[in-house]
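Model the full structure from these sequences, guided by the hints.
Numbering of the sequence shown is given in my numbering, commencing with residue 1 and proceeding in unit increments.
No false leads were mixed into what you were given.
Result set (DMTMM-like, lysine to aspartate or glutamate): computed pairs, CA atoms no more than 25 angstroms apart in a straight line:
id: 1; residue 1: LYS62; residue 2: GLU47
id: 2; residue 1: LYS60; residue 2: GLU30
id: 3; residue 1: LYS60; residue 2: GLU47
id: 4; residue 1: LYS50; residue 2: ASP14
id: 5; residue 1: LYS50; residue 2: GLU7
id: 6; residue 1: LYS62; residue 2: GLU15
id: 7; residue 1: LYS62; residue 2: ASP14
id: 8; residue 1: LYS60; residue 2: GLU73
id: 9; residue 1: LYS60; residue 2: GLU7
id: 10; residue 1: LYS60; residue 2: ASP43
id: 11; residue 1: LYS50; residue 2: GLU15
id: 12; residue 1: LYS60; residue 2: GLU29
id: 13; residue 1: LYS60; residue 2: GLU15
id: 14; residue 1: LYS62; residue 2: GLU29
id: 15; residue 1: LYS62; residue 2: GLU7
id: 16; residue 1: LYS62; residue 2: GLU73
id: 17; residue 1: LYS50; residue 2: GLU29
id: 18; residue 1: LYS89; residue 2: GLU73
Keep in mind that the hints were calculated from the coordinates and are not lab data.
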Amino acid sequence: MNLVAKEFLASRFDESGVLLLSRFTGASEELAGCIQINPYAIDTFAEAIKTAIEMPPDEKIKRMQRLREQVREHNVYNWGQSIVNELIKLQQ
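Right, dumping it as structure tokens:
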């Protein structure tokens, strides 16, 4: 679990910013509104940074709102509860 990306999102109270994540991280699958990059492909990495910089403010806000909602909904409490629920099922 990549908590740094989620911490970044949780801290963006003004809903600004753009999240770029390596496509090799587990968080990039869960955080579908991020811009996925391949850190080994410099040309596409640079293009992704350019995309983030030039992204219209309203699109940045929409993406950030979706990503922050994802983090709010899929928090550590829900994760822990899902594990407990699975353990209960095993006992039945």
